[in-house]
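J.: Here's the letter readout for the chains.
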Amino acid sequence: MKVLVPVKRVVDYNVKVRVKSDQSGVDIANVKMSMNPFDEIAVEEATRLKESGAVAEVIAVSCGVAQCQETLRTAMAIGADRGILVQTDVELQPLAVAKLLKEIALKEQPQLIILGKQAIDDDANQTGQMLASLLGWSQATFASKVELGEGIARVTREVDGGLETLELKLPAIVTTDLRLNEPRYVTLPNIMKAKKKQLDTFTPEDLGVDVNPRLKTVKVCEPPARSAGIKVADVAALVDKLKNEAKVI
Amino acid sequence: MTILVIAEHDNVQLKAATLNVAAAAVQIGGDIHVLVAGSNPSSVAADAAKISGVSKVLVADSPALADGLAENVAEQVLALAPNYSHILFAATASGKNVSPRVAARLDVAQISEIQAVDSADTFQRPIYAGNAIATVQSADPVKVITVRTTGFDALPQDGNATVESIGAVASVGLSSFIGREVAKSDRPELAGARVVVSGGRGMGSLENFKILDPLADKFGAALGASRAAVDAGYAPNDWQVGQTGKIVAPQLYVAVGISGAIQHLAGMKDSKVIVAVNKDAEAPIFGVSDYGLVADLFTAVPEIVAAL
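Protein sequence lines correspond, in order, to chains A and W.
Adding 19 to a residue's 1-based position in the first sequence gives its number in this note's numbering.
Adding 95 to a residue's 1-based position in the second sequence gives its number in this note's numbering.
Check each hint, because a few of them may be wrong.
Claimed, not checked - Straight line, CA to CA, 20 Å or less: simulated DMTMM-like cross-link-like pairs of lysine to aspartate or glutamate: (1) Lys-250(A) x Glu-377(W); (2) Lys-238(A) x Asp-213(W); (3) Lys-250(A) x Asp-391(W); (4) Lys-367(W) x Asp-259(A); (5) Lys-367(W) x Glu-264(A); (6) Lys-279(W) x Glu-302(W); (7) Lys-35(A) x Glu-302(W); (8) Lys-215(A) x Glu-76(A); (9) Lys-164(A) x Asp-326(W); (10) Lys-367(W) x Glu-284(W); (11) Lys-216(A) x Glu-127(A); (12) Lys-262(A) x Asp-312(W); (13) Lys-39(A) x Asp-142(A); (14) Lys-238(A) x Glu-377(W); (15) Lys-235(A) x Asp-235(W); (16) Lys-235(A) x Asp-213(W); (17) Lys-126(A) x Asp-253(A); (18) Lys-313(W) x Asp-259(A); (19) Lys-188(A) x Glu-166(A); (20) Lys-279(W) x Asp-179(A); (21) Lys-374(W) x Asp-253(A); (22) Lys-279(W) x Asp-312(W); (23) Lys-145(W) x Glu-259(W); (24) Lys-266(A) x Asp-312(W); (25) Lys-313(W) x Asp-253(A).
These aren't lab readings, by the way, just hints derived from the structure by calculation.
With the rest of the complex left out, here is chain A (with noise of 0.2 Å):
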């Protein structure tokens, strides 16, 4: 069976991103680009089912600007076995991507989606359960743990509280969660290997989706700022200044 996972180009984690002086958006010139970090972790899950001989193929797709094709060429060298970018320009929101998404799923047939639960510049959380609903699908968010059997997959979730089962039919859509997996540290040979796997790219016309955004951005502003307190010198202080200043205990 075929697995698609879509991987998102996104700020890499490290950076702190500024707010433009203009308030309308965050400034992403130059700053350093990276996989989203949960769909790391989603490319490395299926690659392992890959390995476990549970799967046959793997396929990584991005919606977005030209340079994705750098997101999916990281996704080969972990193991996809090739890639698809949807080409636009157009500020991509959830809704947009999940319907591109759909079109690729109906074009490939994949028995599985993998999905990060979250990408780490628009905090949604709403691609994978969207995709799983315009397409009828079962779904686990926040996936700890995948199993996957005779026409059905059994995941662990993490929930509030603890943890959960459930077995959906396939096909199916899982979003993952921190401790699903730890990726692997890309090899050198494999980058290099991943440069010659299949890329093939379509435009949102090509898919017939209308992408552009419905929600819009008013302005975008720093978040009130906290300002630093004071260093005690000792806990008797500490104590002191809880119960006498501060007044919480």
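Got chain A sorted already, so can you dock chain W onto it with the hints?
T.: Coordinates of chain W only, in the frame set by chain A:
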């Protein structure tokens, strides 16, 4: 305008998060209904009927809704959707699980994790781990929203709404519930606790984390952890405070052995009072803490316990 709030519950008790979501609904303005979708959720419905400002509680009772399966709950919400201008979920594991399914089927954008209401169609939400706040406007006919509970003060429970049974949808049959491992704890729930004591990578090990227990006991606090501590296996994932974990805003937040990575600060910087204990005087956590103590946590924590 009529607003539908999706109640968060375990079939027995209404979760406090619902009170914060209802508070967001009040700010949007309009008639407020609450949907309780579950199995035998009559006690939850009775709790929901007491939320101040709610006019009606709709109860869908079916075994198919017992375990909050996203496919079934989404169908239940969709069955009601045409009657509403706004559909609000808590931005919790269960709310986030269901909400986008509803939005996509309605062909509308979802507005995730709003923390302020500017008007009935304009909302503020954090992006980039809270390093920027976006004000977004929706032109969609229905606004499907998840609400960051720390952004809105819980409504009092002094109301008296009517409770109405509605037809429950049939199971979609795509997924089934196998089991649940709920961590048993006498401590308050992390998201709503008055005091949170969190440990970071500086704790060093799973065993060392136990030194926070007496401190949490003294404060009646919930225990939390940084992502680094969770990644290292020192603490369970549902303790995680931060961009990818829980967002908390307690009266007192005590960060022990936490350096203060951006992604952690995103989850706790709205706390009223922040205390940091770290042996590295340069740790970024001191940049947001009200009271910083530069000390070795293994000696400082027992000292604090003794001094309380």
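J.: Against this structure, judge whether each hint is valid.
T.: Cross-check of the supplied hints:
Using a Cα cut-off of 20 Å, the hinted pair Lys-250(A) and Glu-377(W) holds, with the two alpha carbons roughly 11 Å apart. At most 20 Å may separate the alpha-carbon atoms for a hinted pair to count; Lys-238(A) and Asp-213(W) meet this at roughly 12 Å. In summary, the hint linking Lys-250(A) to Asp-391(W) is supported, as the alpha carbons are separated by about 14 Å, within the 20 Å threshold. A C-alpha spacing of about 17 Å is found between Lys-367(W) and Asp-259(A), which places the hinted pair at or below 20 Å, so the restraint holds.
Of the supplied pair hints, the one linking Lys-367(W) and Glu-264(A) holds, its CA atoms being roughly 13 Å apart against a limit of 20 Å. Restraint check for Lys-279(W) and Glu-302(W): satisfied, since their Cα atoms lie roughly 18 Å apart, inside the 20 Å limit. Taken as a hint, the Lys-35(A) and Glu-302(W) pair is broken in the structure, with Cα atoms around 33 Å apart against an allowance of 20 Å. The hinted pair formed by Lys-215(A) and Glu-76(A) meets the criterion: a straight-line CA distance of about 16 Å does not exceed 20 Å.
Distance check on the hinted pair: Lys-164(A) and Asp-326(W) sit about 15 Å apart at the alpha-carbon level, within 20 Å; holds. For the proposed pair Lys-367(W) and Glu-284(W), the alpha carbon gap of about 18 Å is at most 20 Å, so the pair holds. Between Lys-216(A) and Glu-127(A), the direct Cα distance comes to roughly 17 Å. Compliance with the 20 Å bound is thereby established for this hinted pair. Among the hinted pairs, Lys-262(A) with Asp-312(W) is consistent with the structure: their alpha-carbon atoms are about 17 Å apart, no more than 20 Å.
Between Lys-39(A) and Asp-142(A), the direct Cα distance comes to roughly 19 Å. Compliance with the 20 Å bound is thereby established for this hinted pair. Taking the CA atoms of Lys-238(A) and Glu-377(W), the gap is near 33 Å; set against the 20 Å cutoff, the hint is violated. The straight-line distance between the Cα atoms of Lys-235(A) and Asp-235(W) is roughly 11 Å, inside the 20 Å bound, and the hint therefore holds. For the proposed pair Lys-235(A) and Asp-213(W), the alpha carbon gap of about 14 Å is at most 20 Å, so the pair holds.
Among the hinted pairs, Lys-126(A) with Asp-253(A) is inconsistent with the structure: their alpha-carbon atoms are about 65 Å apart, more than 20 Å. In summary, the hint linking Lys-313(W) to Asp-259(A) is supported, as the alpha carbons are separated by about 16 Å, within the 20 Å threshold. For the suggested pair Lys-188(A) and Glu-166(A), the alpha carbons sit about 12 Å apart, so the restraint of at most 20 Å is met. Restraint check: the Cα-Cα separation between Lys-279(W) and Asp-179(A) comes to about 12 Å, which is no more than 20 Å; the hinted pair holds.
Between Lys-374(W) and Asp-253(A), the direct Cα distance comes to roughly 12 Å. Compliance with the 20 Å bound is thereby established for this hinted pair. With a C-alpha separation of about 15 Å, the suggested pairing of Lys-279(W) with Asp-312(W) holds against the 20 Å cut-off. Using a Cα cut-off of 20 Å, the hinted pair Lys-145(W) and Glu-259(W) holds, with the two alpha carbons roughly 14 Å apart. The suggested pairing of Lys-266(A) with Asp-312(W) holds, with an alpha-carbon distance near 18 Å, which does not exceed 20 Å.
Taking the CA atoms of Lys-313(W) and Asp-253(A), the gap is near 19 Å; set against the 20 Å cutoff, the hint holds.
Hint compliance for this structure: hints 7, 14 and 17 are broken, all remaining hints hold.
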